[in-house]
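Using the sequences provided together with the hints, build the complete structure.
The numbers in this note's numbering rise by one with no breaks, and the one at position 36 of the sequence shown is 36.
It is worth saying that the hints were derived from the structure and are not from the lab.
It is possible that part of the hints are untrue.
[To be verified] Restraint-style ranges between C-beta atoms, simulated for each label pair:
1) V185 with G74: 32 to 40 Å
2) N422 with P204: 29 to 37 Å
3) N169 with S250: 19 to 27 Å
4) D405 with N34: 54 to 62 Å
5) E369 with T223: 37 to 45 Å
[Unchecked claim] Heads up, simulated DSSO-like pairs for lysine-lysine below, C-alpha to C-alpha not over 30 Å straight-line:
6) K234 with K336
7) K158 with K234
8) K89 with K47
9) K404 with K365
We put the beta carbon where it would ideally sit given N, CA and C, even for glycine.
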Amino acid sequence: MLPALETSQYLGPLPLELFIYIIALSVSHLRPTNALFHLERLRLVSKTWLVTIDSTPQFWTTIQNTCKASRIKGWIQKSGEAPLCITSKDLTHTVETFMSLLRPYTHRWKDVTIWNDYFDTSAYLDRPAPLLEALTLIGVSFGHDSSLCAGVTPSLTKVDFYQVKVPRNLSFLQSLKDLRLHSVVYMNQRLRIGQIYEVLTASPELRRLRLNLEFEEDARRRTPITFPSLEGLKIHSSHDQIGQASQLLSIIDAPNLINMSTDFDRGLALQLFVSWLARQSLHQAAQYSVAVERTSLVVSISRDEHGSNSSRRARLFLSAASFDDSGIQVLEEIDKLGAPFSPLALTIRNPGCVSAFVGYLNRPKVDEEGTHRWPLPTLHSVRFNLWMNTPSWDCISGFARVRKDISRITIEPPGIDEPDENWKKWDALSMSFTPFKDE
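Here is the structure:
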């Protein structure tokens, strides 16, 4: 039974466990630096509060390079033997000075972030770190033959490298659940696809994978790596390296993927990613969701509770800043791919693209046999998620009259969660939009 703490004459005795919980809750929403200074102020309330806070290790486990070395040493001492979360930026002290204070406690590191240009980590990440779970390195480098924490990081599951010069031996990148590699180089040169393959092979239980890097391609065909737990995949590049993205996707098999995105050119990306999706054994996939955002294209997949592939559907969200040629190209690619997108539900969120969208869908296409057909023949529903003006009303009404093959056309203004008088549904009998009725 924990002792009671006399908090004030009005509250009376408060169980110590509850008091500690309340204090922890009061700082949980603050940034780590602000939380530490908030605790420092709470210590001034009374001697009892001071003793209680100082003797609770969990309050002092987040260490940042924000103040004098003496205070940092005090925080470390108060943390007892609890695992430490460390964030090092070149602020009050140099990273070297700060890390030298933390190096003796490597065995207690749990979460480490080091952010500094041209900082060589070799002398500070050289001891075993059995508790280390997450490592974020930004703008730092390893020595050519160095090894992370002497190769002893059995608990490491999350790695985020941004502009990092990695060592020759990448064996420490193994058994990961979350991996992000952005602008990573080796000996000032791009990584080879073989190195990336080895890293991915060593972490078959990945749940999230984010790659934004250029690498040296080769012509070797590699057996795809199956990631049964991979739910999120992002492949980005600043130079539209579609060929490199294609080679990366060729070595990845993700049967349970939920979300994937790219910032490549939208039409090319859609063709590449959806073609890859069609080859995956997405046995639980019931619905694709393709969102064309302002700068990226995101493909999401929701699940069919029956685990059946026969009910696979697709939803396309167009919210690009402007519905230009690239937007038309997206629709063209979906029209070509067809099969994975059947049936297709489409949502328009940008009023600026209504006329272009309607113009495209109302223009018949001629197939190889010379017969005419409508674009996106698998399209079964269209939702205009926007506020309408008179020209838009006329445009959409004309579209609905022409595309009688589309079973459902609705107007649902944003910001309204429940159907009201602003929600409209196209009625084929009256050939007009009528008030939406919740079905």
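Evaluation of the provided hints:
1. V185 with G74: 32 to 40 Å: holds, 39 Å
2. N422 with P204: 29 to 37 Å: violated, 50 Å
3. N169 with S250: 19 to 27 Å: holds, 25 Å
4. D405 with N34: 54 to 62 Å: Taking Cβ atoms as reference, D405 and N34 lie about 58 Å apart, which means the hint holds.
5. E369 with T223: 37 to 45 Å: holds, 40 Å
6. K234 with K336: Holds: K234 and K336 sit about 24 Å apart, inside 30 Å.
7. K158 with K234: holds, 16 Å
8. K89 with K47: Given that 30 Å is the threshold and the Cα spacing comes to 33 Å, the pair is violated.
9. K404 with K365: Answer holds: K404 to K365 is near 16 Å, not above 30 Å.
When held up to the earlier numbered hints, the structure conflicts with 2, 8 and fits the remainder.
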